[in-house]
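Student: Taken in order, these protein sequences are the chains called A and B. In this text, residue positions in the first sequence follow full-length UniProt numbering: the first is 1, and each later residue adds one. In this text, residue positions in the second sequence follow full-length UniProt numbering: the first is 1, and each later residue adds one.
None of these hints come from the bench; they were simulated from the model. This structure is a prediction, so every number in the text was calculated from the model and none was measured. Think of the CB as a built atom: it goes at the ideal place given N, C-alpha and C, for glycine as much as any other residue.
Ranges of calculated distance between the beta carbons of each label pair, as one might list FRET restraints:
(1) A:S58 - B:R402: 26 to 32 Å
(2) A:S58 - B:L386: 48 to 54 Å
(3) A:T143 - B:L376: 43 to 49 Å
(4) A:G74 - B:A283: 51 to 57 Å
Non-contacting residues of chain B with respect to chain A, defined by C-beta distances greater than 12 Å in every case (computed):
(5) A40
(6) S49
(7) A57
(8) L153
(9) D159
(10) G166
(11) H175
(12) R254
(13) S265
(14) I289
(15) T304
(16) L358
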Amino acid sequence: MSLLTLRQLSYRWPGSERTLSVPALTLAAGERAMLRGSSGSGKSTLLNLISGVLKPDSGSLTLAGEALTTLSAGKRDRLRAETMGIVFQQFNLLPYLSVRQNILLPLKFAPGRRAKVVEPEIEVRRLLDAMELDAGILDRPVTALSVGQQQRVAVARALIGAPALILADEPTSALDPSARDHFMDLLAKQCHQTGSALLLVSHDPALARVVERQYQLQLHDSGSEVLPC
Amino acid sequence: MLNLMLQSMRNRLTSVCLTLTVIALAVALFIGVELVRTQAKQSFANTLSGTDLVVGARSGNLNLLLYSVFRLGNATNNIGYDTYQRLAQTRGIDWTIPLALGDSHRGYRVIGTNLDYFRHYQFGQRQSLHFAQGDPFDDLFEVVLGAEVARTLGYQLGDALTLSHGAGGSTSFVHHDEMPFTVVGILSPTGTPVDRSLHVSLEAIEAIHAGWQGGARVHGVNADEINQYDLTPKTITAFLVGLKSKFQLLNVQRAINTERSEPLSAVLPGMALAELWALLGQAEKALAIVSAFVVAVGLTGMLTTLLASLGERRREMAILRAMGAGPRHVFMLLWAEAALLALFGTLLGYLLAQGVILALAPLALAQYGLVLTPSLPTGTVAWMMLGVQLTGSLAGVLPAWRAYRHTLADGLTQRL
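Okay, chain A solo, but in the shape it has when bound:
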């Protein structure tokens, strides 16, 4: 069954005539998909729509069986906490928390995910190991880590409590090409092992090799449109 379904979705940017429209986008449970688009085409907006931060003007958006468009803002926040792990292009971690505290952070907002993690310490170490990070960094301040390490910690954090969907927004833009490929392999592998679906948003065609399905954000005069490719 499909985890995420967008149908005839339309969102108009406030103070503008331009709209973002998604005629059809689906993502099955455990599936990996990529959304390609140049900067300014509305990738961030789509991300905000899928994560329930923004509300579409029309159309339907179903996530994990819930019609996101009918939920209150608070319920959408809760749904996001329970079903999504999000990885930004950089600055993923709270600078005032240690690596361990950063990884455990999503559990504060998601009781359902917290219940799935029986032994937090063991789970944190397992995820670090899976992301090929040394357990010695657990108590280090995140500011002492390299950008590559920070991105991997961010993936570990997104995966904790096995959310159904990982949203990754240009996760490799701060990495050099060789680190990028290895990072993508790790990300795809871990999503597969956890059983999480992956929605990758990037302009970089090189990431396409780890996904099973691709969408394209097409720029028009009247806005942009998400089309399969």
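Chain A is fixed; fit chain B onto it per the hints.
Tutor: Same frame as chain A, but now just chain B:
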């Protein structure tokens, strides 16, 4: 959430500490000003105690009170010594203290009086005068110093000093050089104008003016020749009256006010003090307003710091948002921080003020006769502390609201 907030604050330790310091200093200053204000009012009301009437030549209440009790300004006229002696026998009067003013020593007033002064004069809560050293005068050229006079001018028992004519203080050009006085007693601090007075006998006042006519020296008289003169006082400036019973107050007051031989005024010191305080109360209000502004500045400082930090914290908010935090969480995070800063700033300021009071208490007692004791916040201070807390929490709504708006606008987009 609370844990998260504390850790976030620890990360911004310097600015958090500075904010706390500003609020604490403002609150401490307010408490300090408030203490000085109440102590000033207190010591003002404590200037005179146990005296039922103050009597002087006919004039306004304030003028009489100022020159007789506060030793400021000048009397309009004198009272004949015989009139005083006769009135002192009025039925119902328990004791009187005569006061002869008009001379000074290096800016400090000289009071001509008799031994009843040391016996009956009371201040504060019916406290009598005590001698720190020595005894009352019992010879013509002996002087008893108030605590401040002795301390500031550095006099010891046995030191000699001369008096100057006129109450004009250090600017007096006419000195009673030929008749030096010996210090025989020094009074304990009272925190009243007594500390700033020198006390000699009424006869001594006569003696230093022997050979004078109409306020000017006609021919010089030496201390040795003084025995040839009649030193019975001719006039005094004012006198204080203690009654046997309060019920006689109005009778005695009327008797003095209707005295036929010369026009006199008898005023109730309590009423005159209240009248005077009503005037000085304006300064008191000004102090209160200043300290309220200081607290406002402290809270504005907190608001500035919080608002300034919002920009750099937008990224933090986006991350929390991605974790599932709602705009409400973000609002609470900011608001609770402001409330917490106000709370701890207030407590810190209170402790700081109490610490300073504790440290200064011995000095204040020794030098000014002021009793300072650390106290639990009561009255105005308690209301102020509560007010700072409420205002701080209320002010915290502004940055919290701004963060809420940012959060809605930014969503998961990381604005730098």
